[in-house]
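Enquirer: Chain by chain, the residues:
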Amino acid sequence: MDLGSHAGFIFASYGLCLLTVLGLIAWVRIDKANLEKALKDLAEQGVSRRRPQEGGR
Amino acid sequence: MAFWDYANPTRFLKLVQVVLPWLTGLCVLASAAGLYMSFFIAPEDYQQGQTVRIMYIHVPAAWLSMMCYSIMAVSSLGTLVWKHPLADVSAKAAAPIGAAFTFMALVTGSLWGKPMWGTYWVWDARLTSVLVLLIMYLGLMTLWRTMEDPIKAGKAAAVLTLVGALNLPVIKFSVDWWNTLHQPASVMRMDGPTIHPDILWPLLVMAVAFTLLFFVLHLMAMRNEIMRRRVRTLRLRAASAAHPRSAVATAQPAE
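Residue numbers (UniProt numbering), protein chains in the order written: chain A, 1 to 57; chain B, 1 to 255.
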């Protein structure tokens, strides 16, 4: 399709939006991976969400 | 199930796990349909030519920038009035997404403005008030990062968010209240849209796609924020166990 003499502005707009959306997706996924690793490390150290007295119930 | 049942983060996370794949699938479908309609079905504008295709991302991004802030304002009320445990999680998770949509609206508007207005930027009321919105988002994100305790940060951010919400009607009505280079509203009008249906439908489909994208990202970011608070609580608990005297004074409930 011919986008005419202003094709550069159209491609720049869509390209920038695509990059921004990909950046957001990367941010949430990397953040999730880091947090899951931190929770796993804490679990391996024996730090649990349950307090010791609750575990015996 | 009542609204308050989702105050339990664990129950909320289970709901997210079920809803997220469906929302993501719908978002991909709506985006594909919207992009196809925007490029292959919608005609070029009789005055603006092909540059009208920038509208299909600029307008939904601008709508989402305001909707996101509105959600943050409602969440802030939830924090301050109802003390809903997930309210400040929702507000904090929404801020970077709202900032990204505002950035998209400003940049695509600028790229549309150059061929149509002859300039990338002008300090008119609509553009300036949207720039203020972006600054508000960045300010709130900074505020959350500068305060260590998420409960205290949530309350301070909630007050600032509600003050900043005064900017929303300024953005919406700026094109009516002042003479601006930006065109007045042509979709959300009391007397109905003034856009031809051939151009309106692709725009509405893209708006649905952007809205779904927002909810997908918001739920993912909320899930991350709940996990972040769990990590913090567990680290405080570990520190408290290692150094009982010094840690007890600083430990705060974070969930």
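Hints should not be assumed to be uniformly reliable.
Derived contacts from chain B toward chain A, CB cut-off under 8 Å, selection only [unchecked claim]: (1) 47; (2) 50; (3) 53; (4) 83; (5) 104; (6) 114; (7) 144; (8) 146; (9) 170; (10) 171; (11) 208; (12) 211; (13) 212; (14) 213.
Since the hints were made in silico from the structure, they are not lab data.
Ideal Cβ positions, reconstructed from N, Cα and C, are used throughout, including at glycine.
Enquirer: Decide, hint by hint, whether the structure agrees.
Expert: Hints, verified against the model:
no.: 1; hint: 47; in the structure: violated (13 Å)
no.: 2; hint: 50; in the structure: holds (5 Å)
no.: 3; hint: 53; in the structure: holds (5 Å)
no.: 4; hint: 83; in the structure: violated (22 Å)
no.: 5; hint: 104; in the structure: holds (5 Å)
no.: 6; hint: 114; in the structure: holds (6 Å)
no.: 7; hint: 144; in the structure: violated (14 Å)
no.: 8; hint: 146; in the structure: violated (19 Å)
no.: 9; hint: 170; in the structure: violated (25 Å)
no.: 10; hint: 171; in the structure: violated (20 Å)
no.: 11; hint: 208; in the structure: violated (15 Å)
no.: 12; hint: 211; in the structure: violated (13 Å)
no.: 13; hint: 212; in the structure: violated (12 Å)
no.: 14; hint: 213; in the structure: holds (7 Å)
Of the numbered hints given earlier, the model fails hints 1, 4, 7, 8, 9, 10, 11, 12, 13; all others are met.
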